[in-house]
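Asks: Chain by chain, the residues:
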Amino acid sequence: MAVIEAQGLRKTFGTTVALDGIDLRVDEGRIVGLIGPNGAGKTTALNAILGLIPCQGELRVLGRDPWMERDRLMRDACFIADVAVLPRWIRVSQALDYLAGVHPRFDRRKAEGFLSRTTIKRSSKVRELSKGMVTQLHLALVMAIDARLLVLDEPTLGLDILYRKQFYDSLLSDYFDRARTVLVSTHQVDEVRQVLTDLLFINRGRIVLRCSMEEFESRYVELTVRPEQVAVARAFKPIHERQVLGRSILLFDQADRQQLAALGDVRTPSIADLFVAMMSNQGGTAQGVPS
Amino acid sequence: MSTQTDTVAQAVGVREVATPVMPASRVFYWSVRREFWENRSIYLAPLAVAAVFLIGFLIILVHLPGKMRSLAGVNPADFRAAIVVPYDSAAGLMMVTTIFVSVYYCLETLHSERRDRSILFWKSLPVSDVVTVLAKVIIPLVILPVITSAIAAALHLIMLVLSSVVLLAAGVSPAPLWAQLPWLHMSSLLFYHILTAHALWPAPIYGWLLFVSAWARRAPFLWASLPVAAIGGVEAIAFGTSHFLTFVGRRLIGDVTTTAFIPPQNFPTNPMTHITPGPFLISSGLWVGLLITAAFVFAAIRLRRYREPV
Chain A
3 MAVIEAQGLR KTFGTTVALD GIDLRVDEGR IVGLIGPNGA GKTTALNAIL GLIPCQGELR
63 VLGRDPWMER DRLMRDACFI ADVAVLPRWI RVSQALDYLA GVHPRFDRRK AEGFLSRTTI
123 KRSSKVRELS KGMVTQLHLA LVMAIDARLL VLDEPTLGLD ILYRKQFYDS LLSDYFDRAR
183 TVLVSTHQVD EVRQVLTDLL FINRGRIVLR CSMEEFESRY VELTVRPEQV AVARAFKPIH
243 ERQVLGRSIL LFDQADRQQL AALGDVRTPS IADLFVAMMS NQGGTAQGVP S
Chain B
4 MSTQTDTVAQ AVGVREVATP VMPASRVFYW SVRREFWENR SIYLAPLAVA AVFLIGFLII
64 LVHLPGKMRS LAGVNPADFR AAIVVPYDSA AGLMMVTTIF VSVYYCLETL HSERRDRSIL
124 FWKSLPVSDV VTVLAKVIIP LVILPVITSA IAAALHLIML VLSSVVLLAA GVSPAPLWAQ
184 LPWLHMSSLL FYHILTAHAL WPAPIYGWLL FVSAWARRAP FLWASLPVAA IGGVEAIAFG
244 TSHFLTFVGR RLIGDVTTTA FIPPQNFPTN PMTHITPGPF LISSGLWVGL LITAAFVFAA
304 IRLRRYREPV
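Residue numbers (our numbering), protein chains in the order written: chain A, 3 to 293; chain B, 4 to 313.
Bound conformation, chain A alone (with noise of 0.2 Å):
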């Protein structure tokens, strides 16, 4: 079942495409990174999704024309922007009043346990909280709303690694069940990595790589190469070349691990590493790799 579905998204501003037409599904139960360098149209995307901005293109989510009913839509969708989109002046109780007056899908009591695992006061205006304390607020109030999709939009951006890791935590076991979706943007690769089902690298408004986390791990293999190996591994085609202390590392795409395994260490490689890789590559042939 596709709870987003979109064709030929485009988004031009001004002479700026920001979305080059990205074509997109997602099925419900799914938990897709969508991973990109600044600016290659992560926000853009996010905010179409979530009838936030007209685009061009077909775009149907939870069987919605977003930008027709972003309200309807809102009750089954849920977003968290950024850690500065909460009003600096609600108090922690206007806030969770005014979301069980509005929201049909809002547990208060689900969101006062979050809070209750917080330091969070109820009488506290937002502007008085630290920025990991408005993040574990606007995560216990989405995660109170019964919703069918989550958009998180940099959710973790300025926070340390402990907020990070509990946001990610408390994601996974208090929020996510297989009847949910999420669609997370963020620089944090590889944090999130044992939170995702999906990859989806973005760039300059085009859609570069899409694969579950399983087709990941069994298609990119990375090679530590030795040095008297160096020639025999790059034969089999290497997608990208790096030097780390004068030794060769190889990511390949598709490659026999066991061939590779006689020429080196080989691993999975971290999603950053793939990432830029994938970057880099954005002419055709692999940067690094002599011709």
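No wet-lab data here; the hints were simulated from the structure.
Among these hints, one or two may not hold up.
Per label pair, the in silico range of CB-to-CB distance [claimed, not checked]:
hint : chain 1 : residue 1 : chain 2 : residue 2 : range
1    : B       : Val291    : A       : Arg119    : 41 to 49 Å
2    : B       : Leu293    : A       : Glu114    : 38 to 46 Å
3    : B       : Pro185    : A       : Trp91     : 38 to 46 Å
4    : A       : Asp179    : B       : Arg220    : 36 to 44 Å
5    : A       : Gly16     : B       : Val231    : 24 to 32 Å
6    : A       : Arg110    : B       : Ile141    : 20 to 28 Å
7    : A       : Arg124    : B       : Leu74     : 52 to 60 Å
8    : A       : Gly23     : B       : Trp40     : 39 to 47 Å
9    : A       : Thr270    : B       : Phe224    : 36 to 44 Å
10   : A       : Trp91     : B       : His66     : 42 to 50 Å
11   : A       : Gly41     : B       : Ser228    : 36 to 44 Å
12   : B       : Arg220    : A       : Gly10     : 25 to 33 Å
13   : B       : Ser28     : A       : Arg124    : 22 to 30 Å
To give an idea of the interface, some chain B residues facing chain A are shown, with a C-beta separation under 7 Å as derived from the structure [stated by the list, open to error]:
hint : residue
14   : Pro23
15   : Val24
16   : Met25
17   : Phe31
18   : Trp33
19   : Val35
20   : Arg37
21   : Asp119
22   : Arg120
23   : Ser121
24   : Phe124
25   : Lys126
26   : Ser127
27   : Leu128
28   : Pro129
29   : Ser131
Calculated from the model, a selection of chain A residues having no Cβ within reach of chain B, i.e. all distances over 12 Å [to be verified]:
hint : residue
30   : Asp22
31   : Pro106
32   : Glu130
33   : Leu164
All C-beta atoms in this analysis are idealised placements derived from N, C-alpha and C, irrespective of residue type, glycine included.
With chain A held as given, fit chain B onto it using these hints.
Replies: Just chain B now, with coordinates in the frame of chain A:
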């Protein structure tokens, strides 16, 4: 429309159970509550003005018994004219407060949510732009007039009671005071005045301010006032007249004399004021104004849909 799209969404098979829906009235109620949390000046400003005025009134209260004695025997109209000044001043202050708070509120409300990026939070909730903007429009058009009228009425009552206490202590009868300043009648007249002159009549100005608030990326005050000044300037240079500025000014200060009521003097709390809601309600001035207001509000709703944080 709503049921139709819901059916479509279900037919696609995305949801097995129908999404629960909040009644629109409940969403609207909480949207208005929200405005009070964010803009406490809606009630704090008139309360503060009333409190400061009351302190001033307490100071002049010591002269009241002497004044009442000296007024013994004068005709009722002169008696009233002599004692009404603080009550008219209180009413006038409340009207000025209503105008200031309304102008400030309308100019800020749709701009500040973009400035502090909270618009992204509000838009992540199942509340439409229509409900959000209407909950804001109702503040200067209905809510604020009710609040300032109620505070003015309470202020008048406190003033009358304090005066009575002081007079009784001095051995002077407060009865003429209550007879010449009929509280209930005065309060209803004041409410009628604030609603007609400071809410419905200037509505197009509030609509314009809301529109600019939704439109301007920065400096909404300049964007709201400069076009008015520019049109006034062009008119002055081209025709040597100032009809536009006079028109805007009269709307802003709520000049509805002879339309909504015919006062014997200039002041609306005078019990001799003859209110004329009928002619006011059918006056073209009111309805053209409300139509212009509706157009600005409609534009503000459309704009908010496209708006992002600034």
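Asks: Now tell me if each hint is right for this structure.
Replies: Status of the hints after comparison with the structure:
In this structure the supplied range 41 to 49 Å is violated for valine 291(B) paired with arginine 119(A), their Cβ-Cβ distance being about 58 Å. A hinted range of 38 to 46 Å for the beta carbons of leucine 293(B) and glutamate 114(A) is consistent with their spacing of about 44 Å. One distance hint, 38 to 46 Å for the beta-carbon pair proline 185(B) and tryptophan 91(A), holds here, with the actual separation near 42 Å. Under the hint 36 to 44 Å, the C-beta atoms of aspartate 179(A) and arginine 220(B), about 42 Å apart, fit the expected range.
For the pair glycine 16(A) and valine 231(B), the beta carbons lie near 30 Å from each other, so the given range of 24 to 32 Å is met. Our hint of 20 to 28 Å for arginine 110(A) and isoleucine 141(B) holds, since their Cβ atoms are close to 26 Å apart. Between arginine 124(A) and leucine 74(B) the C-beta distance comes to about 57 Å, which sits within the given range of 52 to 60 Å. For the pair glycine 23(A) and tryptophan 40(B), the supplied restraint of 39 to 47 Å holds, since their beta-carbon distance comes to about 43 Å.
Checking the proposed 36 to 44 Å range against threonine 270(A) and phenylalanine 224(B) shows it is violated: the Cβ atoms sit about 58 Å from each other. For the hinted restraint 42 to 50 Å between tryptophan 91(A) and histidine 66(B), the CB-CB distance of approximately 44 Å keeps it satisfied. In this structure the supplied range 36 to 44 Å holds for glycine 41(A) paired with serine 228(B), their Cβ-Cβ distance being about 37 Å. At about 31 Å, the CB distance of arginine 220(B) to glycine 10(A) agrees with the hint of 25 to 33 Å.
Between serine 28(B) and arginine 124(A) the beta carbon distance is about 27 Å. The supplied range of 22 to 30 Å therefore holds. Interface restraint check: proline 23(B) against chain A, minimum CB-CB distance 4 Å, threshold 7 Å, status holds. A hinted interface residue such as valine 24(B) counts as satisfied when its beta carbon comes closer than 7 Å to some beta carbon of chain A; here the least separation is about 6 Å, so the hint holds. This hint holds: methionine 25(B) has a C-beta 5 Å from the nearest C-beta of chain A, less than the 7 Å allowed.
Proximity of phenylalanine 31(B) to chain A is violated relative to the hint, the smallest CB-CB distance being about 9 Å (cut-off 7 Å). With a cut of 7 Å, the hint placing tryptophan 33(B) at the interface with chain A holds, because the nearest CB-to-CB distance is about 3 Å. At a threshold of 7 Å, the smallest CB-CB gap from valine 35(B) to chain A is about 10 Å, leaving the interface hint violated. At a threshold of 7 Å, the smallest CB-CB gap from arginine 37(B) to chain A is about 6 Å, leaving the interface hint in force.
Checking aspartate 119(B) against chain A by beta carbon gives a least distance of about 6 Å; that is within 7 Å, so the hint holds. The closest approach between the C-beta of arginine 120(B) and any C-beta of chain A is roughly 5 Å, which is under the 7 Å cut-off, so the hint is satisfied. Because the beta carbon of serine 121(B) sits about 4 Å from the nearest beta carbon in chain A, less than 7 Å, this interface hint is met. For the restraint placing phenylalanine 124(B) at the interface with chain A, the shortest Cβ-Cβ distance is roughly 4 Å, inside the 7 Å limit, so the hint holds.
For lysine 126(B), the interface hint holds, since its Cβ comes within 7 Å of a Cβ in chain A; the closest pair sits about 6 Å apart. Given the 7 Å rule on beta carbons, the hint for serine 127(B) holds: about 4 Å separates it from the nearest Cβ of chain A. Contact between leucine 128(B) and chain A, as hinted, is supported at the beta carbon level, the nearest pair being about 6 Å apart and thus within 7 Å. Taken as an interface hint, proline 129(B) checks out: its beta carbon lies about 4 Å from the nearest beta carbon of chain A, inside 7 Å.
A cut of 7 Å between beta carbons decides the hint on serine 131(B): the least distance to chain A is about 4 Å, and the hint holds. Residue-level check passed: aspartate 22(A) sits 20 Å from the nearest beta carbon of chain B, beyond 12 Å. For proline 106(A), the non-interface assignment is contradicted: its Cβ lies about 4 Å from the closest Cβ of chain B, within the 12 Å cut-off. Distance to chain B confirms glutamate 130(A) as a non-interface residue, since its nearest Cβ pair spans about 15 Å, more than 12 Å.
With a closest Cβ-Cβ approach of about 24 Å to chain B, leucine 164(A) is found to remain outside the 12 Å limit, as its non-interface label requires.
Checked against the numbered hints listed earlier, the structure breaks hints 1, 9, 17, 19, 31; every other hint is satisfied.
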